[in-house]
Amino acid sequence: NAGVMQNPRHLVRRRGQEARLRCSPMKGHSHVYWYRQLPEEGLKFMVYLQKENIIDESGMPKERFSAEFPKEGPSILRIQQVVRGDSAAYFCASSPRQFPGGTDTQYFGPGTRLTVL
Amino acid sequence: AQSVTQPDIHITVSEGASLELRCNYSYGATPYLFWYVQSPGQGLQLLLKYFSGDTLVQGIKGFEAEFKRSQSSFNLRKPSVHWSDAAEYFCAVGSMDSSYKLIFGSGTRLLVRP
Numbered sequence: 001n002a003g004v005m006q007n008p009r010h011l012v013r014r015r016g017q018e019a020r021l022r023c024s025p026m027k028g029h030s031h032v033y034w035y036r037q038l039p040e041e042g043l044k045f046m047v048y049l050q051k052e053n054i055i056d057e058s059g060m061p062k063e064r065f066s067a068e069f070p071k072e073g074p075s076i077l078r079i080q081q082v083v084r085g086d087s088a089a090y091f092c093a094s095s096p097r098q099f100p101g102g103t104d105t106q107y108f109g110p111g112t113r114l115t116v117l
Numbered sequence: 001a002q003s004v005t006q007p008d009i010h011i012t013v014s015e016g017a018s019l020e021l022r023c024n025y026s027y028g029a030t031p032y033l034f035w036y037v038q039s040p041g042q043g044l045q046l047l048l049k050y051f052s053g054d055t056l057v058q059g060i061k062g063f064e065a066e067f068k069r070s071q072s073s074f075n076l077r078k079p080s081v082h083w084s085d086a087a088e089y090f091c092a093v094g095s096m097d098s099s100y101k102l103i104f105g106s107g108t109r110l111l112v113r114p
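If you read the protein sequences in the order shown, they are chains A and B. The opening position of the first sequence corresponds to residue 1 in the working numbering, with each subsequent residue numbered one higher. The opening position of the second sequence corresponds to residue 1 in the working numbering, with each subsequent residue numbered one higher.
I should point out that these hints are in silico values taken from the structure, not numbers from a laboratory. Even for Gly, the Cβ is constructed at its ideal location relative to N, Cα and C. Hints are all accurate, no fakes.
Covered stretches of chain A, as calculated for chain B (at least 3 residues, CB under 8 Å):
(1) 43-54
(2) 104-111
Distance windows between CB atoms, simulated:
(3) B:Asp54 <-> A:Gln80: 46 to 56 Å
(4) B:Gly53 <-> A:Glu41: 29 to 39 Å
(5) B:Gly41 <-> A:Gly59: 22 to 32 Å
(6) B:His82 <-> A:Glu40: 20 to 30 Å
The following block holds chain A by itself, in its conformation from the complex (with noise of 0.2 Å):
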């Protein structure tokens, strides 16, 4: 059973750009999380998604970040106008199932490492 996956690994983009970054959860999961992750700093929230629907975008900035699961696909994170502060690795996880009142162990993928030059 494949890990969750991530591409790219490494991403660079100039200022103004537009970043892509694209994730696969593990065989069965249906929940995916993405985390950002800068410099000397642990892995911060950013958006909880289900197929098709997403759950709690509250770690998101409110301009120029967006994500999606589509019915068929990856997870994708896209970051319009990308700026040297949006440096960082970008990770994903997914977990297979959220019972109610508690959660499940997610399983994290290698990250994208995004330098904006």
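Could you slot chain B onto chain A? The hints should help.
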């Protein structure tokens, strides 16, 4: 606000020595607690988790952690460190309002002396 504190930014131990990495949290109820390890340039691998029950939790690679409610701590331990354990270790807690929203500590970088 909820938070996770890992007071040690760096720890250096000799190979074969014992290890304890500290984690303290602020939380109003019984937390969901996790330890993850991140090797350089890699993603996070789950070492162990605590949801309920026995407060001493066994994980992979010989690690264990103990949940102490009175101290709001969830320290990670290993009796004998191997050189391959050198990595960054993150403690995380499930958010009180949304348990799927993991709150991470800032990490502890472990160096292992030969």
